[in-house]
Amino acid sequence: MEFTEAYKQTGPCCFSPNSRYIAVAVDYRLVIRDTLSFKVVQLFSCLDKINYIEWANDSEYILCGLNKRPMIQAWSLTQPEWTCKIDEGPAGIAYSRWSPDSRHILATSDFQLRLTVWSLLNTACVHVQGPKHCSKGVSFTKDGKYAAICTRRDCKDYVNLLSCHTWEIMGVFAVDTLDLADIEWSPDDSAIVIWDAPLEFKVLIYSPDGRCLSKYQAYESGLGVKSVSWSPCGQYLAVGSYDQMLRVLNHLTWKTFAEFMHLSTVRGPCCAAVFKEVDEPLHLNMSELCLSEEFLQGNSDVSGGHFRVMYDVTEVPISLPFQKPLADKPNPKQGIGLMHWSKDSRYIYTRNDSMPTALWIWDIHHLELAAILVQKDPIRAAAWDPTCTRLVLCTGSSHLYMWTPSGAYCVSNPLPQFNITDLKWNSDGSCLLLKDKESFCCASVPLFPESSEYSSDD
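The sequence shown stops at residue 1945 when you use the working numbering, and every number in between is there.
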């Protein structure tokens, strides 16, 4: 892997959907860099510090959210002189997002008073009263024709279906939730999944015309759903809950066909490979090597010993580090808080928040545990390669960790004092964006060979 130099950032960074550009927030400035040369192609100045950014689907426009104002500013890469500023006055703006056609902006006001659809083509705007959430509760069909927006009135949750062409309300139906948490269209746009807040385990499947296709409730009298994810193929629906289990439903009967437990002790029979991060000392003869004082001060690894980070393949049974959640604190750190499907829908990774250093990888085709990655530090972020079955994760250290069905390995970041706290793939899987606290860099990722050693160091 090849790494770029580090560049300054003070907020969000992300690739454009076409992978040609990287948008970086540096205080009140929006810096647009070319992905190949990393030269600055555009520089926009906002009126205040940028809190979040989002690219339009066509990669031509980009919006910036300024929470302190609060307002939105949008910019065009093809027309740098074009400017757009949206300010809803006393109502404020809590969150904003692009519509699928890249020509409308949906802005949610403070206190969820209303959601406004602003057009970039004319001065028209459409209001939806009482949105349920600021950043959640809105989902678009994959073809971009319809939007489902959750609202609440008279202590009842509703789903509003809008046309993304005219922004007229096509239909409204009530849903059987106590406190709706979020909503998401299925990948084939044939169904809508809705799940309740953690106080009640309830997952509801609706058709676009408002018919309830299924109601799933695994248990009662306990904290319920924590995360929900459709598989890319649309045949599986994964539900992670506070009872530390992953349940997978099928799209034909909406019944569970797999239940995966996350226990602190993994015992046989188990075919999973367990990769444990370890420090391997390097035995080097440096008796004839003279190093300057400045080099020794700037390289603690040299003065404090020589080692490399690698994976050690261990056998079951194995005990994983476990953190008991505090009973007197809200939002306990337990349950499936992180999960995502691979591109081919065969694998899904999960993280049980009470075991934050372990990443579980499940094989849906064989309904078994494929691998466990046991890290030294809590897992900060993980992401699948958008083009193949390759998983990358980071833990706030200077290393990247990768897994494929062939094995796992560690990659050392050559940049000094750069600890990777977040990562993102570009859309073609050729480049990774890596974030530190105040800087970012990119890494070019080669095509992964089919065969690989189980433990290696790059």
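In case anyone wonders, no lab produced these hints; they're calculated from the structure. Any given hint might turn out to be false.
List of simulated lysine to aspartate or glutamate pairs, EDC-like, C-alpha gap at most 16 Å [what the hints assert, rightly or not]:
{"#": "1", "residue 1": "Lys1863", "residue 2": "Asp1766"}
{"#": "2", "residue 1": "Lys1863", "residue 2": "Asp1730"}
{"#": "3", "residue 1": "Lys1572", "residue 2": "Asp1545"}
{"#": "4", "residue 1": "Lys1629", "residue 2": "Glu1671"}
{"#": "5", "residue 1": "Lys1643", "residue 2": "Asp1675"}
{"#": "6", "residue 1": "Lys1623", "residue 2": "Glu1541"}
{"#": "7", "residue 1": "Lys1632", "residue 2": "Asp1696"}
{"#": "8", "residue 1": "Lys1629", "residue 2": "Glu1575"}
{"#": "9", "residue 1": "Lys1632", "residue 2": "Glu1671"}
{"#": "10", "residue 1": "Lys1526", "residue 2": "Glu1575"}
{"#": "11", "residue 1": "Lys1811", "residue 2": "Asp1730"}
{"#": "12", "residue 1": "Lys1623", "residue 2": "Asp1675"}
{"#": "13", "residue 1": "Lys1820", "residue 2": "Asp1730"}
{"#": "14", "residue 1": "Lys1495", "residue 2": "Asp1923"}
{"#": "15", "residue 1": "Lys1632", "residue 2": "Asp1597"}
{"#": "16", "residue 1": "Lys1629", "residue 2": "Asp1641"}
{"#": "17", "residue 1": "Lys1495", "residue 2": "Glu1802"}
{"#": "18", "residue 1": "Lys1572", "residue 2": "Asp1535"}
{"#": "19", "residue 1": "Lys1526", "residue 2": "Asp1545"}
{"#": "20", "residue 1": "Lys1629", "residue 2": "Asp1545"}
{"#": "21", "residue 1": "Lys1623", "residue 2": "Glu1655"}
{"#": "22", "residue 1": "Lys1911", "residue 2": "Asp1923"}
{"#": "23", "residue 1": "Lys1555", "residue 2": "Glu1568"}
{"#": "24", "residue 1": "Lys1924", "residue 2": "Asp1909"}
{"#": "25", "residue 1": "Lys1632", "residue 2": "Asp1663"}
{"#": "26", "residue 1": "Lys1924", "residue 2": "Glu1541"}
{"#": "27", "residue 1": "Lys1830", "residue 2": "Asp1815"}
{"#": "28", "residue 1": "Lys1555", "residue 2": "Asp1597"}
Label pairs and their calculated CB-CB ranges [as the list claims (entries may be wrong)]:
{"#": "29", "residue 1": "Ser1751", "residue 2": "Asp1799", "range": "15 to 23 Å"}
{"#": "30", "residue 1": "Ile1656", "residue 2": "Ser1751", "range": "33 to 41 Å"}
{"#": "31", "residue 1": "Arg1754", "residue 2": "Asp1535", "range": "37 to 45 Å"}
{"#": "32", "residue 1": "Thr1752", "residue 2": "Thr1876", "range": "42 to 50 Å"}
{"#": "33", "residue 1": "Ala1611", "residue 2": "Gly1498", "range": "52 to 60 Å"}
{"#": "34", "residue 1": "Lys1816", "residue 2": "Glu1489", "range": "42 to 50 Å"}
{"#": "35", "residue 1": "Leu1934", "residue 2": "Leu1534", "range": "15 to 23 Å"}
{"#": "36", "residue 1": "Gly1709", "residue 2": "Pro1768", "range": "44 to 52 Å"}
{"#": "37", "residue 1": "Ser1917", "residue 2": "Gly1576", "range": "18 to 26 Å"}
Bear in mind that the values here come from a model prediction, so they are computed numbers and not experimental data. Every residue, glycine too, gets a C-beta built ideally from N, C-alpha and C.
Now the hints, each set against the structure:
no.: 1; hint: Lys1863 x Asp1766; verdict: 10 Å, holds
no.: 2; hint: Lys1863 x Asp1730; verdict: 24 Å, violated
no.: 3; hint: Lys1572 x Asp1545; verdict: 20 Å, violated
no.: 4; hint: Lys1629 x Glu1671; verdict: 11 Å, holds
no.: 5; hint: Lys1643 x Asp1675; verdict: 28 Å, violated
no.: 6; hint: Lys1623 x Glu1541; verdict: 15 Å, holds
no.: 7; hint: Lys1632 x Asp1696; verdict: 15 Å, holds
no.: 8; hint: Lys1629 x Glu1575; verdict: 29 Å, violated
no.: 9; hint: Lys1632 x Glu1671; verdict: 15 Å, holds
no.: 10; hint: Lys1526 x Glu1575; verdict: 35 Å, violated
no.: 11; hint: Lys1811 x Asp1730; verdict: 13 Å, holds
no.: 12; hint: Lys1623 x Asp1675; verdict: 21 Å, violated
no.: 13; hint: Lys1820 x Asp1730; verdict: 11 Å, holds
no.: 14; hint: Lys1495 x Asp1923; verdict: 9 Å, holds
no.: 15; hint: Lys1632 x Asp1597; verdict: 27 Å, violated
no.: 16; hint: Lys1629 x Asp1641; verdict: 31 Å, violated
no.: 17; hint: Lys1495 x Glu1802; verdict: 43 Å, violated
no.: 18; hint: Lys1572 x Asp1535; verdict: 12 Å, holds
no.: 19; hint: Lys1526 x Asp1545; verdict: 21 Å, violated
no.: 20; hint: Lys1629 x Asp1545; verdict: 15 Å, holds
no.: 21; hint: Lys1623 x Glu1655; verdict: 21 Å, violated
no.: 22; hint: Lys1911 x Asp1923; verdict: 12 Å, holds
no.: 23; hint: Lys1555 x Glu1568; verdict: 24 Å, violated
no.: 24; hint: Lys1924 x Asp1909; verdict: 9 Å, holds
no.: 25; hint: Lys1632 x Asp1663; verdict: 25 Å, violated
no.: 26; hint: Lys1924 x Glu1541; verdict: 20 Å, violated
no.: 27; hint: Lys1830 x Asp1815; verdict: 40 Å, violated
no.: 28; hint: Lys1555 x Asp1597; verdict: 12 Å, holds
no.: 29; hint: Ser1751 x Asp1799: 15 to 23 Å; verdict: 19 Å, holds
no.: 30; hint: Ile1656 x Ser1751: 33 to 41 Å; verdict: 49 Å, violated
no.: 31; hint: Arg1754 x Asp1535: 37 to 45 Å; verdict: 55 Å, violated
no.: 32; hint: Thr1752 x Thr1876: 42 to 50 Å; verdict: 28 Å, violated
no.: 33; hint: Ala1611 x Gly1498: 52 to 60 Å; verdict: 31 Å, violated
no.: 34; hint: Lys1816 x Glu1489: 42 to 50 Å; verdict: 44 Å, holds
no.: 35; hint: Leu1934 x Leu1534: 15 to 23 Å; verdict: 44 Å, violated
no.: 36; hint: Gly1709 x Pro1768: 44 to 52 Å; verdict: 46 Å, holds
no.: 37; hint: Ser1917 x Gly1576: 18 to 26 Å; verdict: 44 Å, violated
Figure legend: structure checked against the earlier numbered hints; hints not met, in rising order: 2, 3, 5, 8, 10, 12, 15, 16, 17, 19, 21, 23, 25, 26, 27, 30, 31, 32, 33, 35, 37.
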